[in-house]
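S.K.: Here is what each chain is made of, one letter per residue.
There are 2 protein chains.
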Amino acid sequence: MTSFVENSDLTDFSIYNIPFGVAIFNQEYIACATRIGNIIIDLATLYDEGYFENIEGLEDNVFEAYTLNSYIELGKPITSKVRERIQELLTEGSTLSKDQRVIETCFFDMEEVQMMLPIHIPNYTDFYSCIEHATNVGKMFRDPENPLLPNWKHLPVAYHGRASSIVASGVNLHRPKGQMKTSDQKNPVFGPSQQLDFELEMAFVTNKDTELGSCITTAEAEDAIFGLVIFNDWSARDIQSWEYAPLGPFLGKNFGSSISPWVVTLEALDLFRISSPPQDPEVLEYLQYTGDKNFDIQLEVYLQPENADENLISQSNYKYLYWNMAQQLAHHTVNGCNIEIGDVYASGTISGPSPQSFGSMLELTWKGSKPIKLTDGSERKFIEDGDTVIIRAYNQKEGKRIGFGEVRTQILPAK
Amino acid sequence: MTSFVENSDLTDFSIYNIPFGVAIFNQEYIACATRIGNIIIDLATLYDEGYFENIEGLEDNVFEAYTLNSYIELGKPITSKVRERIQELLTEGSTLSKDQRVIETCFFDMEEVQMMLPIHIPNYTDFYSCIEHATNVGKMFRDPENPLLPNWKHLPVAYHGRASSIVASGVNLHRPKGQMKTSDQKNPVFGPSQQLDFELEMAFVTNKDTELGSCITTAEAEDAIFGLVIFNDWSARDIQSWEYAPLGPFLGKNFGSSISPWVVTLEALDLFRISSPPQDPEVLEYLQYTGDKNFDIQLEVYLQPENADENLISQSNYKYLYWNMAQQLAHHTVNGCNIEIGDVYASGTISGPSPQSFGSMLELTWKGSKPIKLTDGSERKFIEDGDTVIIRAYNQKEGKRIGFGEVRTQILPAK
Numbered sequence: 001m002t003s004f005v006e007n008s009d010l011t012d013f014s015i016y017n018i019p020f021g022v023a024i025f026n027q028e029y030i031a032c033a034t035r036i037g038n039i040i041i042d043l044a045t046l047y048d049e050g051y052f053e054n055i056e057g058l059e060d061n062v063f064e065a066y067t068l069n070s071y072i073e074l075g076k077p078i079t080s081k082v083r084e085r086i087q088e089l090l091t092e093g094s095t096l097s098k099d100q101r102v103i104e105t106c107f108f109d110m111e112e113v114q115m116m117l118p119i120h121i122p123n124y125t126d127f128y129s130c131i132e133h134a135t136n137v138g139k140m141f142r143d144p145e146n147p148l149l150p151n152w153k154h155l156p157v158a159y160h161g162r163a164s165s166i167v168a169s170g171v172n173l174h175r176p177k178g179q180m181k182t183s184d185q186k187n188p189v190f191g192p193s194q195q196l197d198f199e200l201e202m203a204f205v206t207n208k209d210t211e212l213g214s215c216i217t218t219a220e221a222e223d224a225i226f227g228l229v230i231f232n233d234w235s236a237r238d239i240q241s242w243e244y245a246p247l248g249p250f251l252g253k254n255f256g257s258s259i260s261p262w263v264v265t266l267e268a269l270d271l272f273r274i275s276s277p278p279q280d281p282e283v284l285e286y287l288q289y290t291g292d293k294n295f296d297i298q299l300e301v302y303l304q305p306e307n308a309d310e311n312l313i314s315q316s317n318y319k320y321l322y323w324n325m326a327q328q329l330a331h332h333t334v335n336g337c338n339i340e341i342g343d344v345y346a347s348g349t350i351s352g353p354s355p356q357s358f359g360s361m362l363e364l365t366w367k368g369s370k371p372i373k374l375t376d377g378s379e380r381k382f383i384e385d386g387d388t389v390i391i392r393a394y395n396q397k398e399g400k401r402i403g404f405g406e407v408r409t410q411i412l413p414a415k
Numbered sequence: 001m002t003s004f005v006e007n008s009d010l011t012d013f014s015i016y017n018i019p020f021g022v023a024i025f026n027q028e029y030i031a032c033a034t035r036i037g038n039i040i041i042d043l044a045t046l047y048d049e050g051y052f053e054n055i056e057g058l059e060d061n062v063f064e065a066y067t068l069n070s071y072i073e074l075g076k077p078i079t080s081k082v083r084e085r086i087q088e089l090l091t092e093g094s095t096l097s098k099d100q101r102v103i104e105t106c107f108f109d110m111e112e113v114q115m116m117l118p119i120h121i122p123n124y125t126d127f128y129s130c131i132e133h134a135t136n137v138g139k140m141f142r143d144p145e146n147p148l149l150p151n152w153k154h155l156p157v158a159y160h161g162r163a164s165s166i167v168a169s170g171v172n173l174h175r176p177k178g179q180m181k182t183s184d185q186k187n188p189v190f191g192p193s194q195q196l197d198f199e200l201e202m203a204f205v206t207n208k209d210t211e212l213g214s215c216i217t218t219a220e221a222e223d224a225i226f227g228l229v230i231f232n233d234w235s236a237r238d239i240q241s242w243e244y245a246p247l248g249p250f251l252g253k254n255f256g257s258s259i260s261p262w263v264v265t266l267e268a269l270d271l272f273r274i275s276s277p278p279q280d281p282e283v284l285e286y287l288q289y290t291g292d293k294n295f296d297i298q299l300e301v302y303l304q305p306e307n308a309d310e311n312l313i314s315q316s317n318y319k320y321l322y323w324n325m326a327q328q329l330a331h332h333t334v335n336g337c338n339i340e341i342g343d344v345y346a347s348g349t350i351s352g353p354s355p356q357s358f359g360s361m362l363e364l365t366w367k368g369s370k371p372i373k374l375t376d377g378s379e380r381k382f383i384e385d386g387d388t389v390i391i392r393a394y395n396q397k398e399g400k401r402i403g404f405g406e407v408r409t410q411i412l413p414a415k
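One line per chain: the protein sequences are A and B, in this order.
Note that the numbering used here numbers the first sequence so that position 409 is 409, with each residue one more than the last.
Note that the numbering used here numbers the second sequence so that position 63 is 63, with each residue one more than the last.
The reader is advised that the hints may include incorrect statements.
Since copy identity is lost for identical chains, a pair holds within one copy or between any two.
[As the list claims (entries may be wrong)] The calculated lysine-lysine pairs, modelled on DSS-like cross-linking and capped at a C-alpha distance of 25 Å, are:
{"#": "1", "residue 1": "Lys-373", "residue 2": "Lys-98"}
{"#": "2", "residue 1": "Lys-181", "residue 2": "Lys-153"}
{"#": "3", "residue 1": "Lys-186", "residue 2": "Lys-153"}
{"#": "4", "residue 1": "Lys-208", "residue 2": "Lys-415"}
Keep in mind the hints are simulated off the structure, nothing from the lab.
Turn these sequences into a full structure, and let the hints steer you where they fit.
M.R.: Quick look at the structure:
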């Protein structure tokens, strides 16, 4: 396939992608959107122009909305058809390619558009599904000889996070303040976090409301997943380490999490399917699955000091997850917990086996003991005020490139 | 004050209460409601009849809704006036008392009404704020000589819970299934929980959306709290103990939590204000407060086996909380975490000092080692299939009674 939109072929947003997001056009009009190359397309107006006719189940203009939820709710059979229709419309020689009036109305350059948080998120769960990350943390904080807790290989460990403080790429965050206590301090102190960190994660978004008491099996799970985003699970390590026992992370995490503006569908990512790492010991029956359930997606983290260049500080891959999405969702619902449309389920930090592929400053600098040298001559143990962290995710196979763009967040001084 | 509604004086829903909820009237019509004695009042129709005229800021019929959120959003100055207006209208000799047509339209007997979940809950947090409970758990699972963790007296420990699975009183729950492993088992097993438990809690509901990055001080906190409900934080102890390290409770909790249908306002509870227990060591400045911030509310838990009588199994009191609501909300937001309208913040299990006042089966039976004898001759270590757990909350002072009614849940067999 080739698109009539020029120079889109080898971008994250090639004709093989067709992601979904929500855009503010010309600072005044909000609608659901897709992107090809550097062009953002207003889907609500495209709908009104009749380009989505004859898609059964798409009777209303669900793109005329501030979130993707109503669109996602249509379910996979319909959203798959919509994506295919958009793909056809953007192909060279299509009816749309010759409809200059509609192109002028619906196609926008990036400078004319601001991207919003794409979904209303009723619930947010964060998994801890990468064995390299769990091993690194266990080595640093528990027992270097025996870093994984006994439950880790039997179930995808997870906790509930704060949905209210998930923000879109481009929304800057203030350094959080909080209570901290190091082992050599007698009493806790209050102040800005001194160990602010990012966490390189991906997250999936669900497309249905289920009833309390019902389960989703590993075989059913992917039908309930609309797509994925990049997820930066900001963490204040000093606040977290003092507060987290015995009930888990709280203020060390809930000051903000950042997601990329484009939800890339599971259909687009099909190209990158691969098998998951072998699981030993064998998992319980409800966690078993068939088929390739992991995805080969290259992940990159950049740190950009204020008024300086981007520094590539980590290269990882989504394929390093020990527990896949199907297992995560089957586990989450096996007790009857219900899911909702727009829920976000993050992977946990994705670290690869080499030190250059670790997914947090905590691991990259090994608790601050090995600072990272940046091209402007400065060093980092953790994230400093003014720093921007950028995470990118993409891959290319058989000449087809699909990516997520980026999630970008600058850290501002504590208020 | 005396109400013209007969026999309402010494009920939980006396004229001094005026709680808010959402009701289905005659199985067909849904609206916000209040209750006096055993009468449920349709506030949406009462509004249409002109009884809320001249309340500045109440220009729309916010009672015509499936949740209280739009009403709560009006904020304390307006919701306080609405409550006072209802109180006047229900007083002996009021205009409404003589308006037989409107009374017939808006007043319903309990049998004609079903109560719904009163609020849409964007976020749910569970604190761990009762020192007796934390001490009991610490004694059982950690060190009997040193049961509290070092952070406990310095900050109100909390974790994020699952908002999607909070249900109204009367919604029955199936026993959850899950992964469990006792210390004498080599591998985990899957099946219905064998240690299903309730947790006696209260929860407050917030009335505003704040901006990410802003804080609520202890002095501002009560203005952001609309009212309280009874909260039963159902827990599967065997699932929880295997999964919870290191990130806290997850499937052991998120299969369901039950709340009472009536939100009792902070204004109504003013009558029961008392000082909180002294805090030693002194807390950090952002957790300090002035005034009486605790409440004397009697709490009772009943266990009713199928086709048998209710057994009173615990008598506790909300006043036993070490950390009060103002401190909880100040702590939750001190890192800039934003709150939303309708958020639910639960207290954690409220246990008193005596064994008869413990707020969970775990504590009442001391991990199952001291079963409770019931009046039908049976014994309980934990909750069995068919059992109904009922929690009631109320108090009476100066001849004025105010209560929450009850939260009632039957446990059905695992699916």
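S.K.: Go through the copies and call it for Lys-181 and Lys-153: within, between, both or neither, with a Cα cutoff of 25 Å.
M.R.: So Lys-181 and Lys-153 pass the 25 Å test across copies only (13 Å; inside, 31 Å).
S.K.: At most 25 Å between CA atoms: does that hold for Lys-186 and Lys-153 within a copy, between copies, both, or neither?
M.R.: Intra 37 Å, inter 13 Å, cutoff 25 Å: inter-copy only.
S.K.: Have a look at Lys-373 and Lys-98 and pick one of within, between, both or neither, based on CA distance no larger than 25 Å.
M.R.: Classified as neither: same-chain Cα gap 52 Å, cross-chain 81 Å, threshold 25 Å.
S.K.: Given identical chains, is Lys-208 near Lys-415, meaning Cα to Cα at most 25 Å, within a copy, between copies, both, or neither?
M.R.: For Lys-208 and Lys-415, only the inter-copy Cα distance (21 Å) is at most 25 Å; the intra-copy one is 39 Å.
Violated hints amount to a single one, hint 1; each of the other numbered hints is respected by the structure.
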